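Asks: If you want the building blocks of each chain, they are given just below.
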Amino acid sequence: MKIHEYQAKELLIKYGVNAQVGAVVTDVNDAAQAAQCLGGEVFVVKAQVHAGGRGKAGGVKLCRSLDEVTAAAQTILGMQMVTPQTGADGKIVNKILIDKGVKIAKEFYLSITMADTPVVVASGEGGTEIEETAATNRDAIVRQVVPFETGLKDYHARNVGKKIGIPANLMRDFSTMLKGMYRVFTEKDCSLVEINPLVITEDGTLLALDAKMSFDDNALFRHPDVLALRDEAEEDVKEAEAAKYGLSYVSLDGDIGCMVNGAGLAMATMDIIKAYGGRPANFLDVGGSASAEKVAAAFKILLADKNVKAILVNIFGGIMKCDVIAEGIISAAKEVNLAVQLVVRLDGTNVNEGKERLRTSGLKLIAAGDLGEAARVVCAAVGGV
Amino acid sequence: MSILVNKSSKVIVQGITGAHGQFHASQMMSYGTKVVGGVTPGKGGGEILGVPVFDTVAEAVAATGANVSVIFVPAAFAADGILEAADAGISLVVCITEGIPVQDMMRVKGYLKDKKTVFLGANCPGIITPGECKAGIMPPAIHKKGRVGVVSRSGTLTYEAVNQLTVRGIGQSTAVGIGGDPIKGLGFVDVLKLFNEDSETLAVVLIGEIGGSGEEDAAEWIKANMKKPVAAFIAGAAAPPGKRMGHAGAIIMGGKGTACGKVAALTDAGVVVTETPDKIGDALVEAVKAAGLYERCLIG
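One line per chain: the protein sequences are A and B, in this order.
Residue numbers for the first sequence follow this note's numbering, so the first one is 450 and each next one is one higher.
Residue numbers for the second sequence follow this note's numbering, so the first one is 3 and each next one is one higher.
To be clear, the hints were calculated from the coordinates, so they are not data collected in a lab.
Treat the hints with care, as some may be off.
To be verified - Distance condition first, Cα-Cα at most 16 Å in a straight line; then the derived EDC-like pairs of lysine to aspartate or glutamate:
(1) B:K111 / A:D666
(2) A:K723 / B:E277
(3) B:K245 / A:D666
All values derive from a computational prediction rather than experimental measurement.
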C-alpha cells in the first residue's frame, strides 16, 4: 500500500525527520487563503497522487504570488496526470499540497528499501533525475546494506553521509534523520521509505522536501494507523475489486483475458500467449482455494475490460478441483452475457468430471487438451496467428 | 535415496484442526505419508483423523518422534510456528502459509542461521518424494517415482512441469517447491546441491520466475559444480516492470530480475532453457538425451 507525500512527511516528522508539511487543499477556492496562512512569498503547489515523476508531468509548480497559487491549483486539481509510473491512462489529481518555497543549496537522494535485508540507497545527485542517474551513472549511487540483527547504526549513517557529501557540521543531523527513517521502516513494516530531494537549504539546514512511503500489504493487519491512511481513489478499480474476492489481478494492455490458478502458472500463461503471437489483457491468479463464487467474480472482472476479445481459462487443479472450476465458469457465463470466445484448459484433480460438466453445460467454448494447444487456439480466436 | 523426505519421515501438521490443515493432513495420510500427529494450541489432548493433537510442537516431538513439520497456521502466527518447530528440534520445517510479513521472515531467517533445522517456504506447495512421502499440498496423482529432481518457486507451475515429465514417461526422485516469497528458506542452490549429491537423481528441472537473483545464483553454481544435466523455464517474460505478479517476490525492479537476464545466465551455464512453458518436459528430454541418460530416466 502507498500513501501520499503529505502523509509520508507527517509520519516522518513523528520519527524525528526534519520535513515541512504546508496545507492540503481539495478545492481551488481554498488555495490562496491556505497559502496566505502559511506565510512567505514563494510557494510550491504539488499534485498528491500515488506516483513519481510528477514534476515533469506538470504536477509541481513554483508560485511567486497568491494569484499564481490559485492559477496553479486551477491547473493541477482535476488534471489527468500521466507519468512513467501511472500507466497510459494517468491519474486524476484530487488533492494538492501547498508548501512554502525553500532556497536550496544542494540536493540529495535518500531511501531505505527491502532486499534480503534493509538497504539504504543514497546519492549526492538527488532530485528529479535520480532514475536517469541510476541508469547512466551507477557510481553516483551509494548502497549500504543494514544487517537486520543490529539495525541501522550511526556508523552506517556516517558511511553513507560521507560518500554522498554531507558536510561535517550536518553529519549528526543526517544520522538522526536516517535513523528515524530506519525506525519507521521497521516499526511500520515499510517496503520503501524515500526522501527525494533531501536538501541543504541556503541557511544550512537539512530538510526533507518530498517523501514517498509504501508498506508491506501482508503486515497491514498490525498497523491500523497505517491502514487509516489508505486512499482508495488512488487504486486501480479492477485490482481493488479483485482484491475484495482474494484474487490477484494486474491489468495489461492486450486483448486476451486470462484466468489461472497460481501466480507462476499465471505468468507462464501470459508468456505463452505472447510467444504464440497474442497479447495478454491481464494477470489474474484465482489462488489455490478458489470457490465457484470466486471464479464467477474473476469472470466478471475479466469481462468488464472492454479490450478483452477472448478468454483463456487455464487451471491445474491441485487443491482446487476441476469440477468446482467448471461450476464457476458455467454459472458466471450464464449470469453475464458471454459474447467473447472462451477457451478452457483444465488438468489435475477431478479433470474428467470438470470436462464433462463443461461439455454438458451448453456453453459455447473450446476445450483445449494442454497448455500449448490452449494458447494456439486462443491466439487464433483473436486473429493473432 | 531421494532428498529431504522419504518413507521413514515422521510428519506432524501445525494447524491440523483448521480447515486447510485437516484437509491436507488427510490427503497426506491417504498418500501413505506417516502423519504421526498434529499441533493446535489449546486443542491438546484431543484426536483428529486418528492421530493425537498436541498443544506444543515440543510435546508432539517428545511423544511421536516427529522429524518433519508442515505448517498451515494463519500468516499472522506463521513465523511463531516456524520458530517453535525449529526450537523443538524438527529437522525439516515446511511452511505452506501465504502472506507472511517480510520482516517476520527476516527475523526467522536470522534465527535459523545457527540452527540445524532445514526450512522450506514459506508460501510454497511443499515437497514430495513420489511413492514415499508427501509433505505438502500437491495433487498426488501426477507424480511418479523416478530419477529426475524438480525444484521450483511456483506451485501450480510445478504441477504443470511434473505432469509434463510424467506423460513423457519420466519419473521424479523428489519435487521441491521453494516458494514465491522474496525472503525464503531453502533456495535454488541449496536444493541443487542436494540433488547433485543424491545418487537416485540423474537430472534436474528448475522452474524460476522474474524477481530476485535466485536463478542467476543457481546458474553460477551450476556452471561451477553441477554434475547432472539441468533443464529450466523462467516465468514472467511478458510481465511489465515494477508490477508485482501475484507472488510477493515476482517483481522486476530497475531493470533487475528480468526473465531475459535469468535465461541468459542459465543458458550460459549449459542449462537447456525452454522459452515456453508447454515445452518443459521436452527441454528435460533434450538435456538427458544429450547426456546419454534418457533411457535411465524412463519409468520402469
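Asks: What hints, given by number in increasing order, does this structure fail?
Replies: 1
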